[in-house]
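Listed in order, the protein sequences are those of chains A and B. Per my numbering, residue 1 is the first one in the first sequence, and the count goes up by one each step. Per my numbering, residue 1001 is the first one in the second sequence, and the count goes up by one each step.
Hints may be right or wrong, so weigh each one.
Mimicking DSBU-like on lysine-lysine, the simulated pairs with C-alpha atoms at most 35 Å apart in a straight line are [claimed, not checked]: (1) B:Lys1017 x B:Lys1057; (2) B:Lys1307 x A:Lys202; (3) A:Lys62 x B:Lys1301; (4) B:Lys1360 x B:Lys1307; (5) B:Lys1007 x B:Lys1051; (6) A:Lys202 x B:Lys1007; (7) A:Lys62 x B:Lys1057; (8) A:Lys62 x B:Lys1327; (9) A:Lys202 x B:Lys1057; (10) B:Lys1112 x B:Lys1015; (11) B:Lys1112 x B:Lys1327; (12) B:Lys1307 x B:Lys1327; (13) B:Lys1007 x B:Lys1112; (14) B:Lys1015 x B:Lys1057; (15) A:Lys62 x B:Lys1017; (16) B:Lys1015 x A:Lys202.
Computed spacing ranges between beta-carbons, pair by pair [said to hold, decoys possible]: (17) B:Gly1041 x A:Ser233: 53 to 63 Å; (18) A:Asn276 x B:Lys1057: 14 to 24 Å; (19) B:Arg1152 x A:Ala275: 49 to 59 Å; (20) A:Asn276 x B:Glu1330: 56 to 66 Å; (21) B:Met1011 x A:Asp141: 22 to 32 Å; (22) B:Leu1310 x A:Glu258: 37 to 47 Å; (23) A:Asp221 x B:Thr1023: 23 to 33 Å.
Bear in mind the hints are in silico, worked out from the structure with no lab data behind them. Glycine included, every Cβ here is placed at the ideal spot set by N, Cα and C.
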Amino acid sequence: MLVALLAACGRPPTVVLHPVDAPPPRLSDWGVVLADGRVLEFNAGVIPYDLNMPLFSDYALKLRSVWMPAGTSAQYREAREFEFPVGTILSKTFHYERAGERDGVPLDVVRADRESGLDADGHLDLDRYVLVETRLLVRYDDGWQALPYVWNDTQDEAFLELAGDVRSIRLNDGRERQPFVYVVPDANQCGGCHKPDHTAAKMRPLGPRAWQLNREYRYPDGLRNQVEYWSASGMLAGAPESLPGGVRWAAPGDASPEQRARAYLDANCAHCHNANGPADTSGLDLGIGAPLGRRYGVCKPPVAVGRGSGDRPYDIYPGRPDDSILVYRMAHSDPAIAMPELGRSTVHREGVELVRDWIAGLAGDC
Amino acid sequence: MDSEFQKQLQMQLIKAKPGDVITIPEGIHPINRGLSLNVSGVTLRGLGMDKSILSFKGQVQGAEGLLVNASDFTIEDLAIEDTAGDALKINEGRNIVIRRVRTEWTNGPDEKNGAYGIYPVQAENVLLEDSVAIGASDAGLYVGQSQNVVVRNNRVEFNVAGIEIENTVYADVHGNVARNNTGGILVFNMPDLPNPGHSTRVFDNEVVGNNTENFGAEGTPVASVPAGSGIVINSNDRVEIFNNVITDNNTANIIISSYFATGYQGTREVADDYDPYPETIYIYGNTLSGGGSAPDGLELKALKVAKFGLTGSFPDVLWDGYVNTDKSDEHGRLLPEFAICVDNDTAEVLNVDLGNGSEKIVIGDEQHRCTHERLPAVMLTAPLY
Chain A
1 MLVALLAACG RPPTVVLHPV DAPPPRLSDW GVVLADGRVL EFNAGVIPYD LNMPLFSDYA
61 LKLRSVWMPA GTSAQYREAR EFEFPVGTIL SKTFHYERAG ERDGVPLDVV RADRESGLDA
121 DGHLDLDRYV LVETRLLVRY DDGWQALPYV WNDTQDEAFL ELAGDVRSIR LNDGRERQPF
181 VYVVPDANQC GGCHKPDHTA AKMRPLGPRA WQLNREYRYP DGLRNQVEYW SASGMLAGAP
241 ESLPGGVRWA APGDASPEQR ARAYLDANCA HCHNANGPAD TSGLDLGIGA PLGRRYGVCK
301 PPVAVGRGSG DRPYDIYPGR PDDSILVYRM AHSDPAIAMP ELGRSTVHRE GVELVRDWIA
361 GLAGDC
Chain B
1001 MDSEFQKQLQ MQLIKAKPGD VITIPEGIHP INRGLSLNVS GVTLRGLGMD KSILSFKGQV
1061 QGAEGLLVNA SDFTIEDLAI EDTAGDALKI NEGRNIVIRR VRTEWTNGPD EKNGAYGIYP
1121 VQAENVLLED SVAIGASDAG LYVGQSQNVV VRNNRVEFNV AGIEIENTVY ADVHGNVARN
1181 NTGGILVFNM PDLPNPGHST RVFDNEVVGN NTENFGAEGT PVASVPAGSG IVINSNDRVE
1241 IFNNVITDNN TANIIISSYF ATGYQGTREV ADDYDPYPET IYIYGNTLSG GGSAPDGLEL
1301 KALKVAKFGL TGSFPDVLWD GYVNTDKSDE HGRLLPEFAI CVDNDTAEVL NVDLGNGSEK
1361 IVIGDEQHRC THERLPAVML TAPLY
């Protein structure tokens, strides 16, 4: 119904793949994400998905989607992101649940550590949620392109802002209100995370990996495992019967503190802190497959740490979270100290707590 | 809100094509977020380091002022001021020219200043010249994990470390003026990094009066550098120090130390593949005077008074005395090829024997009266020459 309405207004009824050198100024021109100020939904053929362990982004809720040209499919890969066909469009819409009035400045939003607010019918209620930005990753012949779009106040259009943007937001958890500057990264900064191999310097999606997607999702026809759903619907080829397991942030079940912490650190740190990443200059590798030793930060003294060590001796000091640099940098929002360097202006309290508890329980000494 | 200039500059950086010259006009341009460049072959050019100023005072985002992930990059004739973190970081690039750039924290020495002024890391074929770095809470000019580097004719003042060459292979540091830093020029090797450094020549520099109290953040390695350090070699090999004027550095004009002496936390257990000892050091032809009269730190102070009296001074070269037993003889002296050689008029080495609680302090040991083969000059390759 909405789609038909939008089509009637001259918007594309189907997804449109624009040329690499001519990204449209309006998000609606892609026909992926459709919003009219009251509700957001995806176009036909655009499939929402969620990750087990998302990157923390100032408590924003994230709505993700994938679209691939008809007749194409992604190729399964075990260790890194799936190989997507040329023409793939991934979207990620950052939104919050509203806490105060619709037009308040700063924007008053609920501080909640949870998954996207998309309902079972595939609608996001814009009276309840406020859209901040939608980032697209589009696969062209020569690689991926990142495009940041920022939503307008009337919530019926988002505009391309290659230079990024800032927004004044207040996180409200019912007890306190925490104002902060939400930063939409510029197009270059997208590469700060999405070029996990700093030498190759190729933009890549980070989320759609086997362990990240291996979880249930509520589709219109019920709960299904995402990887199985993608395979069954022809979106994904080559997936094995047995998939690598992933810890779900929002529902960790019986995962151990170590499994949870390591999955968290992979999702939040390893795009830079891997053997070939931009932060290989530090000698720290927080990849989910990296051995839990010195290179993972255990008893590793800092190198070019600047103000970031907090006078703590090691990245990870077993049993002593208050002497661990990891915890110090996660618990700060000063740009000279905070890790990750991009993508957050606030502290992820629950993330800090998880890593702190894990380190507190680690046996051994340095 | 972002200024129009900021947005315009960001767009120029984002849309840059190889061969582009991006011009920074005259004026003080407020920038509140980190800038970055990911395209190779770009030149960023102002109208002078006192005319074209990017001011990051009040920066809300970004660990750097300008982050460059690209090769064939030239930046010249501009200033980057008051960034939250590093001023200019160049991560992994070839053929890098930094010329007549000033990085400064305008409030003077302060622990809250950003860490590094100009910071090429994992770079190759680097020319850093005629630049100025002031007020960095770590190093003013910091070359890390790089190869084939020339750092010349720069001025560094009121930083914790004026110039630091770290884990870098083939660096020439010459014609620079390092004044009023905590430590003037540092040549270091740190553990747990992909590659150790070696072969640095430090010559024709003025390293004078680097006595500013250490204002580095606690826990960062340079926070352990004593105020009054002229040239410091730590854990690095094949370092040559010659024809410098090194004067009035109150702890010592030259310090040679191992990783164990740094007082860093985390020195108890060193990574297997890390060589913590300074070896094959050659010091000659420097003009040395006035150093070592008022060392920083209680232990060094006490040692100075005990050995040289209230009005006396340390010799020009201070050595912690740690040696690798695999590379030394039965008397604990380094084998000739690894020796610390000082062939510099009357300059003497003070071995403070730190490894044995300073039990056997030695002055002017014969083992230092030696020479090494000279290191070759660094040859920058095309297109820098």
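Now for the hints, and whether the structure bears them out:
The hinted pair formed by Lys1017 (chain B) and Lys1057 (chain B) meets the criterion: a straight-line CA distance of about 29 Å does not exceed 35 Å. For a cut-off of 35 Å, the pair hint linking Lys1307 (chain B) to Lys202 (chain A) is broken: about 60 Å separates their Cα positions. Between Lys62 (chain A) and Lys1301 (chain B) the alpha-carbon distance is near 59 Å, which puts this suggested pair outside the 35 Å criterion. This hinted pair checks out: Lys1360 (chain B) and Lys1307 (chain B) have alpha carbons roughly 12 Å apart, not beyond 35 Å.
Taking the CA atoms of Lys1007 (chain B) and Lys1051 (chain B), the gap is near 20 Å; set against the 35 Å cutoff, the hint holds. Distance hint between Lys202 (chain A) and Lys1007 (chain B) is fulfilled; the C-alpha atoms sit about 24 Å from each other, no more than 35 Å. For the given pair, Lys62 (chain A) sits about 32 Å from Lys1057 (chain B) by alpha-carbon distance, which is consistent with the 35 Å threshold. Proposed proximity of Lys62 (chain A) and Lys1327 (chain B) is contradicted: the alpha carbons are some 58 Å apart, above 35 Å.
Of the supplied pair hints, the one linking Lys202 (chain A) and Lys1057 (chain B) holds, its CA atoms being roughly 32 Å apart against a limit of 35 Å. Under the criterion of a C-alpha separation no larger than 35 Å, the hint pairing Lys1112 (chain B) with Lys1015 (chain B) is consistent with the structure, at around 33 Å. Of the supplied pair hints, the one linking Lys1112 (chain B) and Lys1327 (chain B) is violated, its CA atoms being roughly 42 Å apart against a limit of 35 Å. Straight-line distance between C-alpha atoms of Lys1307 (chain B) and Lys1327 (chain B) comes to about 29 Å, which keeps the hinted pair within the 35 Å bound.
Restraint check: the Cα-Cα separation between Lys1007 (chain B) and Lys1112 (chain B) comes to about 27 Å, which is no more than 35 Å; the hinted pair holds. Among the hinted pairs, Lys1015 (chain B) with Lys1057 (chain B) is consistent with the structure: their alpha-carbon atoms are about 26 Å apart, no more than 35 Å. The straight-line distance between the Cα atoms of Lys62 (chain A) and Lys1017 (chain B) is roughly 33 Å, inside the 35 Å bound, and the hint therefore holds. With a CA separation close to 16 Å, the supplied pair Lys1015 (chain B) and Lys202 (chain A) stays within the 35 Å bound.
Gly1041 (chain B) and Ser233 (chain A) have their C-beta atoms about 44 Å apart, which leaves the hinted 53 to 63 Å range violated. For Asn276 (chain A) and Lys1057 (chain B), the Cβ-Cβ distance of about 35 Å falls outside the hinted range of 14 to 24 Å, so the restraint is violated. Take Arg1152 (chain B) and Ala275 (chain A): their Cβ atoms lie about 34 Å apart, and the range 49 to 59 Å is violated. Separated by about 45 Å at the C-beta atoms, Asn276 (chain A) and Glu1330 (chain B) break the suggested range of 56 to 66 Å.
At about 25 Å, the CB distance of Met1011 (chain B) to Asp141 (chain A) agrees with the hint of 22 to 32 Å. Leu1310 (chain B) and Glu258 (chain A) have their C-beta atoms about 58 Å apart, which leaves the hinted 37 to 47 Å range violated. For Asp221 (chain A) and Thr1023 (chain B), the hinted distance range of 23 to 33 Å is not satisfied, since their beta carbons lie about 58 Å from each other.
In this structure, the earlier hints numbered 2, 3, 8, 11, 17, 18, 19, 20, 22 and 23 are contradicted, and the remaining ones agree with it.
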